[in-house]
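*Asks:* Each chain, written out:
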Amino acid sequence: MSESFSQLRLEAVTRRYAGGGESPALSELTLAINQGEFVALLGPSGCGKTTALNCVAGLVPLTSGAIYMDDKRVDTLPTEKRRFGMVFQNYALFPHLTVRRNVGFGPKMRKEPKDEIERQVSAALKLVRLSEYADRFPRELSGGQQQRVAIARAVAMEPSVVLMDEPLSNLDSKLRHEMRGELQELHRRLGLTTLYVTHDQEEALSLADRMVVLRNGRMQQVGPPEELFDHPVNSFVADFLGYRNLLPAQVTVVGDGLLQLTGQGFALSSRTSGEFAPGGDVTVAIRPDDIVVGGVGDTAIDAVIEAVAYLGKQFEAEVEVNGGVRLHLRTDERLELGQRVTLGVDPRRVMVYPGSAPADDESPELASQS
Amino acid sequence: MTTTATPDAPPKVALRHRLAERGVDTLLLLALPASVFMAVLFFYPAAYGVYLSFHPLPGGGGFFGNYQAFFTQPYMRDSILNTFRIALPAALINVVFAVPVSLVMRRRIHGQKALNTLLVVPITLGTVLVAQGLLIYLGPRGWLNRTLTALGIISNPIQLVHNNLGVVIALIVTGFPFAFMLTASYLSGINPNLEAAAGTLGASSWRRFTNVTFPLLAPGLAITFCLTFVLAFSVFPSAQLLGNASGGAHVLAIAAANAAFQDYNYPMASTISVITAVIELIVVALVLGLRSRLYSGSTSNAGKA
Numbered sequence: 001m002s003e004s005f006s007q008l009r010l011e012a013v014t015r016r017y018a019g020g021g022e023s024p025a026l027s028e029l030t031l032a033i034n035q036g037e038f039v040a041l042l043g044p045s046g047c048g049k050t051t052a053l054n055c056v057a058g059l060v061p062l063t064s065g066a067i068y069m070d071d072k073r074v075d076t077l078p079t080e081k082r083r084f085g086m087v088f089q090n091y092a093l094f095p096h097l098t099v100r101r102n103v104g105f106g107p108k109m110r111k112e113p114k115d116e117i118e119r120q121v122s123a124a125l126k127l128v129r130l131s132e133y134a135d136r137f138p139r140e141l142s143g144g145q146q147q148r149v150a151i152a153r154a155v156a157m158e159p160s161v162v163l164m165d166e167p168l169s170n171l172d173s174k175l176r177h178e179m180r181g182e183l184q185e186l187h188r189r190l191g192l193t194t195l196y197v198t199h200d201q202e203e204a205l206s207l208a209d210r211m212v213v214l215r216n217g218r219m220q221q222v223g224p225p226e227e228l229f230d231h232p233v234n235s236f237v238a239d240f241l242g243y244r245n246l247l248p249a250q251v252t253v254v255g256d257g258l259l260q261l262t263g264q265g266f267a268l269s270s271r272t273s274g275e276f277a278p279g280g281d282v283t284v285a286i287r288p289d290d291i292v293v294g295g296v297g298d299t300a301i302d303a304v305i306e307a308v309a310y311l312g313k314q315f316e317a318e319v320e321v322n323g324g325v326r327l328h329l330r331t332d333e334r335l336e337l338g339q340r341v342t343l344g345v346d347p348r349r350v351m352v353y354p355g356s357a358p359a360d361d362e363s364p365e366l367a368s369q370s
Numbered sequence: 001m002t003t004t005a006t007p008d009a010p011p012k013v014a015l016r017h018r019l020a021e022r023g024v025d026t027l028l029l030l031a032l033p034a035s036v037f038m039a040v041l042f043f044y045p046a047a048y049g050v051y052l053s054f055h056p057l058p059g060g061g062g063f064f065g066n067y068q069a070f071f072t073q074p075y076m077r078d079s080i081l082n083t084f085r086i087a088l089p090a091a092l093i094n095v096v097f098a099v100p101v102s103l104v105m106r107r108r109i110h111g112q113k114a115l116n117t118l119l120v121v122p123i124t125l126g127t128v129l130v131a132q133g134l135l136i137y138l139g140p141r142g143w144l145n146r147t148l149t150a151l152g153i154i155s156n157p158i159q160l161v162h163n164n165l166g167v168v169i170a171l172i173v174t175g176f177p178f179a180f181m182l183t184a185s186y187l188s189g190i191n192p193n194l195e196a197a198a199g200t201l202g203a204s205s206w207r208r209f210t211n212v213t214f215p216l217l218a219p220g221l222a223i224t225f226c227l228t229f230v231l232a233f234s235v236f237p238s239a240q241l242l243g244n245a246s247g248g249a250h251v252l253a254i255a256a257a258n259a260a261f262q263d264y265n266y267p268m269a270s271t272i273s274v275i276t277a278v279i280e281l282i283v284v285a286l287v288l289g290l291r292s293r294l295y296s297g298s299t300s301n302a303g304k305a
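Chains as they are written, first to last, in my numbering: chain A, 1 to 370; chain B, 1 to 305.
Heads up, some of the hints might be wrong.
[To be verified] On the chain B side, residues computed to face chain A include the following (Cβ under 10 Å):
| no. | residue |
| --- | --- |
| 1 | Arg108 |
| 2 | Gly111 |
| 3 | Lys113 |
| 4 | Arg141 |
| 5 | Ala184 |
| 6 | Ser188 |
| 7 | Asn191 |
| 8 | Gly199 |
| 9 | Gly202 |
| 10 | Ser296 |
Hints are computed from structural coordinates only; laboratory data are not their basis. Where a beta carbon is used, it is the ideal one built from N, C-alpha and C, also for glycine.
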C-alpha cells in the first residue's frame, strides 16, 4: 500500500511569477492535511488554487515557504520523487499508449516486475469499471471514460497523496454528477488523502471534509463545508458560497445579540456576533433561499417582482425594493412578474460584514477587501 | 461532373448545394491559376525531362541508353554514393540537433527572441553567401585555422573546405533553421501537461522524453528529416563552391550540370535529374513507410480538447 504518513503540511507556501506584478499568485498558504482527509481548494479563476496544487505536485517551484510530509521536507524533491498522483483537468492521458499502458505508466517508471504491474493495472481498472477497455486508445473513449482512466492512472501508482485539478469541469452536468458520486465512493474505499481544486462550490461542499477558500492568492477561510456555508468569514467567501445578495447597509441599533440594520428601502435584523457600532457601514449577505415571501417576524420588506425564472421545482426571482436595491430570491411559491410582495429573512440567516459593498451587486470584488 | 437530379429529388435544391454534396465547391476555382502555373512550369518540364532521358543523343544507345551509360560509368555511379555521403549526415545532424535546441527554446528563457532570430537568420542569407562566407572563414588561411594555429592547438591548417565536410557544414548552416522551425512547431503541438503527468507518475526528465515526448514527436521528425534530406540531396551551389568538384567526388546535381553545360548532353543531364528524383522519392517513401508504423494522432490531448 501507499507510504504511510500522518500529515501533509504546507507552511507559508508562496509562489510569485516573473512579471506577475507585485501580488504573488499564491501568498503564504499554510495548511495541514491529515492522512485520509479530502480537502478542497475553492475559489474563482486566478485565485491561486491551481498554483497551490502545482506547488504541491512539484510542477512549479515555491518562491518561499516549505512543504512537509510529517518531518520530511518534500518541496525540494523533484516531481518524480514525490509520489503524488495527479489528475489533470484535461486528463493528460498519453495519446500514443493504450489504456493499459497509461495506467501502468507509474508502476513501470518505478521498475516494478511485469506481473506486479499487471496486477496493479487490473486492480485500478476494475476500480473505475473499465477493465474491458484496457486495450483501447484514449481517443476511443468518451470524456467520462477518459476521466476514469486518468483517475485509475493516478491511483495505480499507489500514491501517498492524490492531487486533482478541476477533474470534473470538462464533463457535462449529468456526467459530472455521476463522477462526483464515484469520486466519493473511491475516496471512501481507498481512504486516499486528496487535495482537490475546484471553482464549483457544490462540488467542494459535497466532496470535501474540509474546504479552503482562496482569493487573489490568499486564504480566506478554512473549515468543514457546513461551517463555511453557514458562517462565511467575509463577504467574499459569502458571495462565493452562494450569498447572492450583498447589500450596503448601516447599523442602527446594537444590543442583546441582535443587530438592527437599515439600507436603501429596507430594514433588517441580524443575529451576527461581532463588533459593530451604531452608524457603522456594513455589508449584508443573504442567500436567495433564505428570503421568505410573506415576511418573518417584524421584518417586512416591500418589493416588486422584476424577473422570474421557473427552475422546475422552485421559482427564482429578481425583485426591486422601494429604494432601488435589487434582491435575488428562491421560493416554492408561484410568483408573477410585477407582483408586489413582502419579504423577510430569519435574523440568524443574515450575515453582516464591516465595510460597504460596491454598488454593482453582480461583482464578486468587494471594496472592503482591497 | 454534374448529373441531373433524380426526378423524385426535391426540386428546389440549389445547384451549389447539390455540388457541395458531391464535394464540389466553386471556391475550388481559386486553385485554378496555381494549377495552371504548376502544369506549365513544373509538370510539363518534368515530363519533358523524363521524355528526353529516354532519347539519348545519336550514338548514345537505345531507349535505356542513357541509364545504361549512367550505371556503367564509375564516375556517374559514384556520384550517387557521394551525394548520400553528404546529404545523409547533413539531414541527420540537422534533425538530431533540432530536437534538443527546440526543447530548450520551448522553455521561457532569457534572450529567447534574440536566440530565435539568430537560429533562423541563415535562411535569409542564401546558399551562395553562406558558401562564400564559409570558404573564407574555414579556408586554409581563414580565421579559424589562423586562430587555432596561433593558439598552438594545430600546427597545420585543417582541411575543412573543398571536400565533403565543407559541403556538409554549409548544408547544416542553411538546413538547420528549417529543421529547427519545423521541430519547434511540432513540439509546440504537444500538450506540456503530458510531460507533467509523466513526472507525477515517477518519470525522470530523460524518461519523460523517451517515453512521452519523443514518441509523440517522432512522426514530425520523420517529415522534418524528409524535407531536410531532399534539400540536401539536391545540393548544388554549396557543392560547387565548397566541394571537391575537380577531384572526382561530386554530387548528382553537379554531374547533371556538367552533362548539360560542359558536354551539351541534355538527355544525359535529364537522366541524372530523373535518377536524383527517383532516389529522393524512394528515401521519402521509406521514411514515410516507417512513420506510418508510429503513433500519428493528436498530440495535444488524448481525445477532444
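*Asks:* State for each hint whether it applies.
*Replies:* Each hint, compared with the structure:
no., hint, result
1, Arg108, "holds, 8 Å"
2, Gly111, "violated, 14 Å"
3, Lys113, "violated, 15 Å"
4, Arg141, "violated, 48 Å"
5, Ala184, "violated, 20 Å"
6, Ser188, "violated, 16 Å"
7, Asn191, "holds, 7 Å"
8, Gly199, "holds, 4 Å"
9, Gly202, "holds, 4 Å"
10, Ser296, "holds, 9 Å"
Going down the numbered hints, you'll see the structure goes against 2, 3, 4, 5, 6, while the others check out.
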